[in-house]
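Those sequence lines, one after another, are chains A and B.
1 is the number of the first residue of the first sequence in this note's numbering; add one for each residue after it.
1 is the number of the first residue of the second sequence in this note's numbering; add one for each residue after it.
Because the hints were derived from the structure by calculation, they are not lab data.
Where is the CB? At the ideal position from N, CA and C, for every residue including glycine.
Incorrect hints may have been included.
Straight-line Cα separation of at most 25 angstroms, SDA-like style, residue types lysine to any residue; simulated pairs [as the list claims (entries may be wrong)]:
hint, chain 1, residue 1, chain 2, residue 2
1, B, K113, A, Q151
2, B, K113, B, R58
3, A, K90, B, R86
4, A, K90, B, K113
5, A, K90, B, V139
6, B, K113, A, R99
7, B, K8, A, E52
8, B, K113, B, Q133
9, B, K8, A, A44
10, B, K113, B, V131
11, A, K90, B, P82
Residues of chain B clear of chain A, computed beta-carbon distances all greater than 10 angstroms [to be verified]:
hint, residue
12, R7
13, K8
14, A11
15, R47
16, V54
17, D62
18, T67
19, D76
20, D93
21, G94
22, V98
23, N141
24, V144
25, L145
So the derived list for chain A, only partly shown, Cβ under 8 angstroms to chain B, looks like this [stated by the list, open to error]:
hint, residue
26, P16
27, L28
28, L29
29, L31
30, F35
31, W67
32, D97
33, R99
34, P100
35, P101
36, F139
37, L140
38, L146
39, C147
40, Y153
Below, each chain spelled out in residue letters.
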Amino acid sequence: MSDRAAASERRSGIDPRGPRFAAGITALLLLVDVFLGLTTPLGATVAERALEPAFLLLVAIAVLFLWSVVSPRTAPWGAVYRFLVQPRLKPPADLEDPRPPRFAQGVGLFVVAIGLVLHLAGVPWALPIAAAAAFVAAFLNAVFGLCLGCQLYLLLQRAGILGRERPAAA
Amino acid sequence: MALPFSRKQLAWDAVTLLGALIGLAVLLAGTVALGVFLQWQQRRPRRHIPHEVVEPARLGADSLGQTATLLQFSTDLCSRCPGVHRTLSSVADGRDGVRHLDIDVTNRPDIAKHFHILQTPTTLVLDSTGVVQTRFGGVPNRDVLELELNRLTGETANV
Chain A
1 MSDRAAASER RSGIDPRGPR FAAGITALLL LVDVFLGLTT PLGATVAERA LEPAFLLLVA
61 IAVLFLWSVV SPRTAPWGAV YRFLVQPRLK PPADLEDPRP PRFAQGVGLF VVAIGLVLHL
121 AGVPWALPIA AAAAFVAAFL NAVFGLCLGC QLYLLLQRAG ILGRERPAAA
Chain B
1 MALPFSRKQL AWDAVTLLGA LIGLAVLLAG TVALGVFLQW QQRRPRRHIP HEVVEPARLG
61 ADSLGQTATL LQFSTDLCSR CPGVHRTLSS VADGRDGVRH LDIDVTNRPD IAKHFHILQT
121 PTTLVLDSTG VVQTRFGGVP NRDVLELELN RLTGETANV
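Chain B on its own, in the form it takes in the complex:
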């Protein structure tokens, strides 16, 4: 090779460059799609979850709320748990008979396993008898949460 850039070398470089750019585009598109999907899944409440009746004593709480309970699961290393804790507390404070329980599962993998918790925060909405009505993985949308509580307390949705 006398020349520093042969024609073959240039062609190979162009193919490599194009391949790398396509690789980057796929990576970016895939990441954005994953982010949009995860965010959509987190905001969405899930109903009809086959869970048993939650006994407050097992979780170290004395009782459940009169009409509904917001059962939050947190860990030590959870950046969004404190914010969700504040939101749920203020929602519970604004309603009679609604109680907010925040369970730290950092040292309780048994509870995390029992409730199939794969991410924190996870929030369960329990009715007056402790039956799991709705499940939120991640940060629940406050308006959706209020609607869920309206459904449980039998109010019309004009809050």
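Looking at chain A on its own, in the form it has when it is part of the complex:
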């Protein structure tokens, strides 16, 4: 995309269908990973567990999550959407703030990373359960447009973990 397009994106937001398209592909990959995780027996050693297809695929998904957090504009599924899908669609009715989808990708990375670490440590079911949890969030985003990340953000912020607290009685 040109600098001008990037500038206009910063000003007014992104096409909300882009993150949903990416979430759809992510959901599909996660579903395949849950299947692989359920069919492959847990390896006996760390090296065996690290070479299982379910582990390797989840590492790839984690890298994609990380990419979307670090540089959402260059992330592969977003690029596929902008170059192949968006030109064939009508212009979006509404533009969206790019920060919430980025935060949600970070939540996805967190969940998937927990699954990877526990799997390496030899915890049974950790990998398919983490992949399934991430799948639920990605699927709800892609199909229903529900943003679990936003709601999580608000809960964390209410708990005082995110955002600055300023009491009302000022």
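Given the coordinates of chain A, work out where chain B should sit on it, guided by the hints.
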């Protein structure tokens, strides 16, 4: 084990495969059910909420609408808040005495706690005295919102 695939191995594989497919089906069905439920719950207005009278000054606003107020709560990281903001603004602009207030609770967890806000956007419909009449969690349905306002302004529902 001389053969690469013993009969026992094949049987075990079939059981594993079947179990995995059932697992996937349950996961998919559960996710779809959750999505349908959440969407249904979001579109539905809730009435008879035990809330006190909302004081505009506490929220940093000067006054409420003459006949009704659409009180929206948003955060920084909320993908659907800007769209709901536009919808509510245009609804309020189309009616006399209806005011739209959008409160950013990103840095005000006290307000979020006070109104029990678990998701943004959350929209409260207040009557002329500031009493909470209806609550919408998520994206309110515009037609339902108009009906709620008709109820408050005492018009017949033929808008």
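Structure-based check of all given hints:
Annotation: proposed proximity of K113/B to Q151/A holds, straight-line Cα distance about 14 angstroms (limit 25 angstroms). Between K113/B and R58/B the alpha-carbon distance is near 14 angstroms, which keeps this suggested pair within the 25 angstroms criterion. Taken as a hint, the K90/A and R86/B pair is honoured in the structure, with Cα atoms around 20 angstroms apart against an allowance of 25 angstroms. About 40 angstroms separates the Cα atoms of K90/A and K113/B, which puts this hinted pair outside 25 angstroms; it is violated.
Taking the CA atoms of K90/A and V139/B, the gap is about 23 angstroms. The hint holds against a cut of 25 angstroms. For the proposed pair K113/B and R99/A, the alpha carbon gap of about 23 angstroms is at most 25 angstroms, so the pair holds. For the given pair, K8/B sits about 22 angstroms from E52/A by alpha-carbon distance, which is consistent with the 25 angstroms threshold. At roughly 19 angstroms between alpha-carbon atoms, K113/B and Q133/B fall within 25 angstroms of each other, so this suggested pair holds.
This hinted pair checks out: K8/B and A44/A have alpha carbons roughly 21 angstroms apart, not beyond 25 angstroms. Of the supplied pair hints, the one linking K113/B and V131/B holds, its CA atoms being roughly 18 angstroms apart against a limit of 25 angstroms. Our distance criterion of 25 angstroms between C-alpha atoms is met by K90/A and P82/B, whose separation comes to about 20 angstroms. A cut-off of 10 angstroms between C-beta atoms confirms that R7/B is not in contact with chain A; the least separation is 18 angstroms.
In this structure K8/B is separated from chain A by more than 10 angstroms, as the shortest Cβ-Cβ distance comes to about 14 angstroms. Look at A11/B: its CB is around 14 angstroms from the nearest CB on chain A, clear of 10 angstroms, so calling it non-interface holds up. With a closest Cβ-Cβ approach of about 23 angstroms to chain A, R47/B is found to remain outside the 10 angstroms limit, as its non-interface label requires. With a least beta-carbon separation of about 13 angstroms from chain A, V54/B lies farther than 10 angstroms from that chain, consistent with its non-interface assignment.
A cut-off of 10 angstroms between C-beta atoms confirms that D62/B is not in contact with chain A; the least separation is 17 angstroms. In this structure T67/B is separated from chain A by more than 10 angstroms, as the shortest Cβ-Cβ distance comes to about 27 angstroms. Not every CB of chain A lies more than 10 angstroms from the CB of D76/B, the least distance being 7 angstroms, so the non-interface label is violated. Non-interface status of D93/B relative to chain A is upheld: no Cβ of that chain comes within 10 angstroms, the nearest being about 17 angstroms off.
With a cut of 10 angstroms on Cβ distances, G94/B stays outside the contact zone with chain A, its closest approach being about 19 angstroms. The Cβ of V98/B sits about 22 angstroms from the closest Cβ of chain A, beyond the 10 angstroms cut-off, so the non-interface label holds. Remark: the non-interface label on N141/B is consistent with the geometry, its nearest Cβ contact in chain A lying 14 angstroms away (cut-off 10 angstroms). The non-interface label for V144/B is consistent with chain A: the shortest C-beta to C-beta separation is roughly 18 angstroms, beyond 10 angstroms.
At roughly 17 angstroms from the closest C-beta of chain A, the C-beta of L145/B stays outside 10 angstroms, upholding its exclusion from the interface. Annotation: interface hint on P16/A holds; nearest CB of chain B at approximately 7 angstroms, less than 8 angstroms. The interface hint given for L28/A is violated, since its Cβ lies 11 angstroms from the closest Cβ of chain B, which is over the 8 angstroms cut-off. Against a cut-off of 8 angstroms between C-beta atoms, the interface hint on L29/A is violated, since the closest Cβ of chain B lies about 14 angstroms away.
Given the 8 angstroms rule on beta carbons, the hint for L31/A holds: about 7 angstroms separates it from the nearest Cβ of chain B. This hint holds: F35/A has a C-beta 6 angstroms from the nearest C-beta of chain B, less than the 8 angstroms allowed. Interface hint status for W67/A: violated, as the beta-carbon distance to the closest one in chain B is roughly 19 angstroms, over 8 angstroms. At about 6 angstroms, the closest approach between the beta carbon of D97/A and any beta carbon in chain B falls short of 8 angstroms, and the interface hint on this residue holds.
Below 8 angstroms, beta-carbon pairs count as interface contacts, and R99/A has one with chain B at about 5 angstroms; its hint therefore holds. The closest approach between the C-beta of P100/A and any C-beta of chain B is roughly 4 angstroms, which is under the 8 angstroms cut-off, so the hint is satisfied. With its C-beta approaching chain B no nearer than about 7 angstroms, P101/A sits inside the 8 angstroms limit, and its interface hint holds. Given the 8 angstroms rule on beta carbons, the hint for F139/A holds: about 5 angstroms separates it from the nearest Cβ of chain B.
Because the beta carbon of L140/A sits about 5 angstroms from the nearest beta carbon in chain B, less than 8 angstroms, this interface hint is met. Because the closest C-beta pair between L146/A and chain B is about 6 angstroms apart, less than 8 angstroms, the hint holds. Residue-level restraint check for C147/A holds (minimum Cβ-Cβ distance to chain B is 5 angstroms; threshold 8 angstroms). A hinted interface residue such as Y153/A counts as satisfied when its beta carbon comes closer than 8 angstroms to some beta carbon of chain B; here the least separation is about 5 angstroms, so the hint holds.
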